[in-house]
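A.B. asks: Heads up: the sequence lines are chains A and B, in that order.
No gaps in the numbering here: position 103 of the first sequence is 103 in our numbering, and each next residue is one more.
No gaps in the numbering here: position 68 of the second sequence is 1068 in our numbering, and each next residue is one more.
Keep in mind the hints are simulated off the structure, nothing from the lab.
Certain hints may be false.
Pulled a few chain A residues facing chain B out of the computed Cβ check, cut under 7 Å [unchecked claim]: (1) 42; (2) 43; (3) 45; (4) 58; (5) 98; (6) 99; (7) 101; (8) 104; (9) 109.
Quick look at which bits of chain B chain A covers, simulated, 3 or more residues with Cβ under 8 Å [stated by the list, open to error]: (10) 1018-1024; (11) 1074-1084; (12) 1089-1099.
Every residue gets a Cβ at the ideal spot worked out from N, C-alpha and C, and that includes glycine.
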Amino acid sequence: KAGVTQTPRYLIKTRGQQVTLSCSPISGHRSVSWYQQTPGQGLQFLFEYFSETQRNKGNFPGRFSGRQFSNSRSEMNVSTLELGDSALYLCASSLGGLSARTDTQYFGPGTRLTVL
Amino acid sequence: AQRVTQPEKLLSVFKGAPVELKCNYSYSGSPELFWYVQYSRQRLQLLLRHISRESIKGFTADLNKGETSFHLKKPFAQEEDSAMYYCALLLEDSNYQLIWGAGTKLIIKP
C-alpha cells in the first residue's frame, strides 16, 4: 500500500505571495490532518478534513485554509505569506480521523516551505 | 490552558540502561495521550497510545492522572531506539485537535 505523499517537497516563496501544498492520503483513508512544524513552536495542528468537510481546526489565522476533494486528496493554502510561515508542513491520513480514538495517523514526508 | 510538556530536549543513555522519557500534560478533560517517534530520515509515526495499554518495541507508557504524566519507559535501551520522541494529547470537545510536546531527542550510546 502506498504511503502518504506530499507535493512539492520543497518550496521557496517571497513575502506576500500565496502557496498551495498537496497531500495524497493512503487509499481508503477519508481523513487528512495538517500540521505545521517550526523550531520555535514545534508541531502545531492546523486543521482536519474528513469526507470533503473541515471537521476540526487549530488556532491559526484565516490566511491558512484547506480543502479536500472527493478522492480524499487535500490541499492547504497559505495566502499573504509571512516570514514566520517558513516551516515544515506535514499531513497525516487516517481512516476515521482524530475523533476515532483507536485510529492511527500515517504521516507524509512533509513540504519544506521557505519564505524569503 | 491545555499543554503538553516534555522537559528534556535531549536524553542520552548507554545501551542496556533503562530509559524514561518524561511527558506531563495539562487538561481538564479526560486525557487521550500518544507517543510518536521519528527515526533518522524516516517519517513521524505512532509508537503507542495509552488507550491500547500496549507495549511496542519494548516501550510502555502509563497514564498517571494524579501526576498528570504519561512517561515513556523501556527497561533496556537499544541503539536502534535513538530517535526523536513526541508526546501528544488529543483534545476532545466539539473540536478535536492534537496538542504536541516539544519533543525529546534520545541518543543511545554504545
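A.B. asks: Which numbered hints turn out to be false for this structure?
C.D. replies: Of the numbered hints, 10, 11 do not hold.
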